[in-house]
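> My request is simple: use the sequences and hints to build the entire structure.
Chains as they are written, first to last, in my numbering: chain A, 71 to 361; chain B, 71 to 361.
None of these hints come from the bench; they were simulated from the model.
It is possible that part of the hints are untrue.
Which copy is meant is left open, so a pair is good if it fits within one copy or across any two.
[Unchecked claim] Taking lysine to aspartate or glutamate pairs in the DMTMM-like style, the calculated list, with each CA pair at most 20 angstroms apart, reads:
{"#": "1", "residue 1": "K269", "residue 2": "E213"}
{"#": "2", "residue 1": "K307", "residue 2": "E220"}
{"#": "3", "residue 1": "K269", "residue 2": "E294"}
{"#": "4", "residue 1": "K221", "residue 2": "E294"}
{"#": "5", "residue 1": "K208", "residue 2": "D266"}
{"#": "6", "residue 1": "K114", "residue 2": "E103"}
{"#": "7", "residue 1": "K208", "residue 2": "D138"}
{"#": "8", "residue 1": "K269", "residue 2": "E209"}
{"#": "9", "residue 1": "K216", "residue 2": "D147"}
There are 2 protein chains.
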Amino acid sequence: MNIGFIGLGVMGRPMAEHLIDAGHTLHLNRVKETSQHLVDKGGKAAASARAVAHASDIVILMLPDTPDVEAVLFGEDGVASGLSQGKLVIDMSSISPVATKTFAKRIEALGCDYLDAPVSGGEVGAKAASLTIMVGGKEQVFERAKPLFEKMGKNITHVGGSGDGQTAKVANQIIVGLTIEAVAEALLFARKAGADPAKVRAALMGGFAASRILEVHGERMVKETFEPGFRIRLHRKDMTLAVDAARALDLSLPNTAATQQLMNAAIANGDGERDHSALIRTLELLAGGPR
Amino acid sequence: MNIGFIGLGVMGRPMAEHLIDAGHTLHLNRVKETSQHLVDKGGKAAASARAVAHASDIVILMLPDTPDVEAVLFGEDGVASGLSQGKLVIDMSSISPVATKTFAKRIEALGCDYLDAPVSGGEVGAKAASLTIMVGGKEQVFERAKPLFEKMGKNITHVGGSGDGQTAKVANQIIVGLTIEAVAEALLFARKAGADPAKVRAALMGGFAASRILEVHGERMVKETFEPGFRIRLHRKDMTLAVDAARALDLSLPNTAATQQLMNAAIANGDGERDHSALIRTLELLAGGPR
Numbered sequence: 071m072n073i074g075f076i077g078l079g080v081m082g083r084p085m086a087e088h089l090i091d092a093g094h095t096l097h098l099n100r101v102k103e104t105s106q107h108l109v110d111k112g113g114k115a116a117a118s119a120r121a122v123a124h125a126s127d128i129v130i131l132m133l134p135d136t137p138d139v140e141a142v143l144f145g146e147d148g149v150a151s152g153l154s155q156g157k158l159v160i161d162m163s164s165i166s167p168v169a170t171k172t173f174a175k176r177i178e179a180l181g182c183d184y185l186d187a188p189v190s191g192g193e194v195g196a197k198a199a200s201l202t203i204m205v206g207g208k209e210q211v212f213e214r215a216k217p218l219f220e221k222m223g224k225n226i227t228h229v230g231g232s233g234d235g236q237t238a239k240v241a242n243q244i245i246v247g248l249t250i251e252a253v254a255e256a257l258l259f260a261r262k263a264g265a266d267p268a269k270v271r272a273a274l275m276g277g278f279a280a281s282r283i284l285e286v287h288g289e290r291m292v293k294e295t296f297e298p299g300f301r302i303r304l305h306r307k308d309m310t311l312a313v314d315a316a317r318a319l320d321l322s323l324p325n326t327a328a329t330q331q332l333m334n335a336a337i338a339n340g341d342g343e344r345d346h347s348a349l350i351r352t353l354e355l356l357a358g359g360p361r
Numbered sequence: 071m072n073i074g075f076i077g078l079g080v081m082g083r084p085m086a087e088h089l090i091d092a093g094h095t096l097h098l099n100r101v102k103e104t105s106q107h108l109v110d111k112g113g114k115a116a117a118s119a120r121a122v123a124h125a126s127d128i129v130i131l132m133l134p135d136t137p138d139v140e141a142v143l144f145g146e147d148g149v150a151s152g153l154s155q156g157k158l159v160i161d162m163s164s165i166s167p168v169a170t171k172t173f174a175k176r177i178e179a180l181g182c183d184y185l186d187a188p189v190s191g192g193e194v195g196a197k198a199a200s201l202t203i204m205v206g207g208k209e210q211v212f213e214r215a216k217p218l219f220e221k222m223g224k225n226i227t228h229v230g231g232s233g234d235g236q237t238a239k240v241a242n243q244i245i246v247g248l249t250i251e252a253v254a255e256a257l258l259f260a261r262k263a264g265a266d267p268a269k270v271r272a273a274l275m276g277g278f279a280a281s282r283i284l285e286v287h288g289e290r291m292v293k294e295t296f297e298p299g300f301r302i303r304l305h306r307k308d309m310t311l312a313v314d315a316a317r318a319l320d321l322s323l324p325n326t327a328a329t330q331q332l333m334n335a336a337i338a339n340g341d342g343e344r345d346h347s348a349l350i351r352t353l354e355l356l357a358g359g360p361r
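See below:
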């Protein structure tokens, strides 16, 4: 199948490569040195997003944020200008659920289909084709795209209508961010109270405090190894999506807001490129500095 | 062995019964109608905490809060007045880690041993003898008490010195409370954004958002079944222990503090006796009322 893939960053490159390996012809935009290997494997470099859409049956986007998706879809020589009836746009970026509903309507008005299908699992999951994929859109459109999702991910859920995939992704990032913050408060509390955080973590692993975060990120906090993983700067973007959507919904999310603020402080103190488990360092600062 | 057990509430009764079933002679204080069955099974009713301590080799406390433990240990006719050299006091209540270090010193000054050994797992865990037990105190004292702990719990950890068991329990309650709040923010966000919270929860179960809380309490939120479980009123007590200890340590725990405040609001709105997963109802109120 002719598939467009726009957004060849850290996540997009391995995802596109899995589709090439599965035998698809990929049409790529803005091929750089980092993505030249995809052309070497048979990918076609196109001159614009419009040209990508023109050449493809399905166009996949994997871009940093809402404005990037809007520009690529609806900007000059954008995807929308190259679409024709029956084509499918799949946005796998993590962007605003509110804007997504508008984007879907505009693409559907052209006689095309739209899915939002953000992922979690990071670079490791993208490389291993083990991403969690949360999909919003019509059931039959989801079924059409499913074989492609199965080349990129493992845990694939059709959550609901347009925007619901992005909503699930934001919900995921709220839980992950706030649980990391919770584990950081608890382990820092333990240390400051004179206990060994490693032993406290071990004691808590069997009970209701047990989580993937306590297991993985709790260990990073105990060992103070903060290589990403998932960067605080990127997680702040997701918390901002949550806070912005909450404002649009007149919804009060007190701990999401507070955790976004802590991430601002983390970035201000030079930890933006560290793993999000480094949020414990920001709490240390509040407590008078490390140790 | 002669064992004193003071505090025959919802937790203490089944814990004491397991020790009787294991063949120990239990000395009990303030036997009421609800605990008469323990006397019928061979437990001895004593006239005071002092009399309990006098008759026992090991005295176990399972009381509501720090002032109760202080009064039973050091008040008139308290445990301390009935102790003699070599006896062991085990406080299984969930109380202040800071006060615990003082209590331990005062008991050890009498030539006796002291362990703090708070539990998690609730009434269900107490009845099933499957409690998680977090122990602070000397290693050899822990070994002395271990056979008794094994009659009441499964996941038994010697965390460190005096107070460290209580510190671990507070850390546990911070993580549990804040993770419940996180799941509540995420599922309410999903619902208000128009997605099905049940499907969002299912989509998130395989990734980094996965936790015992998302599994158990997330389901209670989706189904709106808020029978305890663990009452918000009791969890607020634990959050207050955390906030008070943080003040004593000059430690800033922003989300613990905010979550304690939400629990105040939950209790003000009549939800104090509901399960802590009902915290989502307080967030609903902030968002303009249920649904």
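> Determine for every hint whether it applies to the structure shown.
Quick rundown of the hints versus the structure:
In this assembly of identical chains, the alpha carbons of K269 and E213 lie at most 20 angstroms apart only when taken from different copies (17 angstroms versus 47 angstroms within one copy). With identical chains, the CA atoms of K307 and E220 are never at most 20 angstroms apart, being 27 angstroms at best within one copy and 48 angstroms at best between copies. Proximity of K269 to E294 under the C-alpha cut-off of 20 angstroms is restricted to the intra-copy arrangement: shortest distance 15 angstroms within a copy versus 35 angstroms between copies. Neither within a single protomer nor between protomers do K221 and E294 lie at most 20 angstroms apart by alpha-carbon distance, with minima of 35 angstroms and 37 angstroms respectively.
Proximity of K208 and D266 under a CA criterion of 20 angstroms is satisfied inter-copy only: 15 angstroms between copies versus 51 angstroms inside one chain copy. With identical chains, the CA atoms of K114 and E103 are at most 20 angstroms apart within one copy only, with a shortest distance of 14 angstroms there and 82 angstroms across copies. Taking the shortest alpha-carbon separations for K208 and D138, neither the intra-copy value of 24 angstroms nor the inter-copy value of 60 angstroms comes in at or below 20 angstroms. Taking CA atoms no more than 20 angstroms apart as the test, K269 paired with E209 passes between copies only; the shortest distance there is 14 angstroms, against 48 angstroms inside one copy.
Taking identical chains as interchangeable, the C-alpha atoms of K216 and D147 are never at most 20 angstroms apart, the minima being 28 angstroms within one chain and 73 angstroms between chains.
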